[in-house]
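Protein chains: 2
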Amino acid sequence: MESYQALRTHIHNEGIIIKKKTFKREEFLKVANTLDTNIYFIESESVRVFFIENLEEHTLYFGHSNSIITALDSFLSNRKTALEIQALKKTEVGYLTKKEFLDFVNSKPVYLKLWNEVLKEIIIHQLDREKDLLIPSTEQRYQRVLKRKPELFQEIPHKYIASYLRMAPETLSRIKKS
Amino acid sequence: MESYQALRTHIHNEGIIIKKKTFKREEFLKVANTLDTNIYFIESESVRVFFIENLEEHTLYFGHSNSIITALDSFLSNRKTALEIQALKKTEVGYLTKKEFLDFVNSKPVYLKLWNEVLKEIIIHQLDREKDLLIPSTEQRYQRVLKRKPELFQEIPHKYIASYLRMAPETLSRIKKS
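Protein chains in written order, with this note's numbering: chain A, 355 to 532; chain B, 355 to 532.
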């Protein structure tokens with residue numbers, strides 16, 4: 355996430371005001387079927403992004419300290435999001451509207467290249483994630499994510515990691531102990 | 355894929371030579387554990403991209419006429435690919451090295467913005483794909499992909515679509531008939 359840090363610093367140095375907002379534990383930053391194209395910078399704590407299908411929650415990704423989070427589908431394509439974003443603990447975010455953010459990004463080629471790098475990091479993450487989901491072994495899925503994103507296991511509650519790994523919380527406990 | 359078409363046209367108009375290559379049916383454009391960061395433009399027919407884990411093939415995505423294909427992991431991060439790319443029929447491609455492509459992209463902000471659009475389209479695709487994979491119902495998975503990518507069902511052999519949809523070929527046949 356070096357590209358993210360660099361972007362954040364440039365936004366600050368350009369004197370662009372990042373608005374602040376605090377969300378309570380379990381409060382929603384956004385709910386499905388709404389259009390919200392803000393881009394959020396997580397300043398402290400964490401959020402989860404999920405969607406609901408057939409009354410079941412499916413965890414897509416997490417935002418934690420020093421990461422950018424958006425409802426990617428809304429942000430990138432201006433369509434209503436199918437995603438819900440919820441604070442896992444009391445969470446402080448900074449945010450810009452999509453217009454403010456893109457005006458910044460398009461103002462200098464160096465910023466555009468950094469944004470490009472962030473998009474690439476998202477794709478690499480998604481590709482790893484897709485592979486995770488295709489691997490039937492719960493043990494292997496756990497090991498892959500532990501290796502790639504050890505910080506998740508510090509910051510995100512057990513039950514949400516289990517959901518992300520597509521396994522029961524009991525299965526995750528058993529694997530962690532073994 | 356309008357951004358793709360626009361990129362392709364600009365590359366042509368800039369007088370950049372796109373090298374041509376023809377792959378036989380089932381020939382590999384690239385195999386796992388190699389570094390190959392070429393970017394391929396599929397001129398005719400189609401390829402599949404997959405990885406092997408525990409002796410099983412997992413289909414990640416397809417390239418068909420008028421699409422760009424790379425081993426995304428190699429191309430974006432310069433690491434050895436975990437992916438295999440195989441021609442499904444006799445397939446004609448044009449290709450540029452990563453350096454040639456990036457020199458082009460970085461030569462004008464308008465090209466960088468177009469490349470940015472392509473990256474965004476990849477992310478939106480990956481997000482839809484991640485949702486597909488999280489949905490347990492085979493019928494729903496089929497309907498989602500049929501709606502989003504009807505061209506697959508014209509161009510890609512049945513057994514590979516079944517693999518992509520994470521179901522047995524027999525299950526896919528049954529769903530198509532019902």
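None of these hints come from the bench; they were simulated from the model. Careful: at least some of the hints might be erroneous.
Note that identical chains are pooled: a pair holds if it fits in a single copy or bridges any two copies.
In silico lysine-lysine, BS3-like type, Cα no more than 30 Å apart, as pairs [said to hold, decoys possible]:
1. Lys474 <-> Lys503
2. Lys452 <-> Lys474
3. Lys444 <-> Lys467
4. Lys467 <-> Lys378
5. Lys452 <-> Lys462
6. Lys453 <-> Lys531
Status of the hints after comparison with the structure:
1. In this assembly of identical chains, Lys474 and Lys503 lie within 30 Å of each other by CA distance both inside one copy and across copies; the values are 17 Å within and 23 Å between.
2. Both within a single protomer and between protomers do Lys452 and Lys474 lie at most 30 Å apart by alpha-carbon distance, with minima of 19 Å and 14 Å respectively.
3. In this assembly of identical chains, Lys444 and Lys467 lie within 30 Å of each other by CA distance neither inside one copy nor across copies; the values are 33 Å within and 37 Å between.
4. Within a single copy, Lys467 and Lys378 get their C-alpha atoms no closer than 35 Å, and across copies no closer than 37 Å, so neither meets the 30 Å cut-off.
5. Proximity of Lys452 to Lys462 under the C-alpha cut-off of 30 Å is found in both arrangements, the shortest distances being 17 Å within a copy and 23 Å between copies.
6. When the C-alpha separation of Lys453 and Lys531 is checked against a cutoff of 30 Å, the pair qualifies neither within a copy, at 47 Å, nor between copies, at 47 Å.
Going through the hint list in order, the structure does not satisfy hints 3, 4 and 6.
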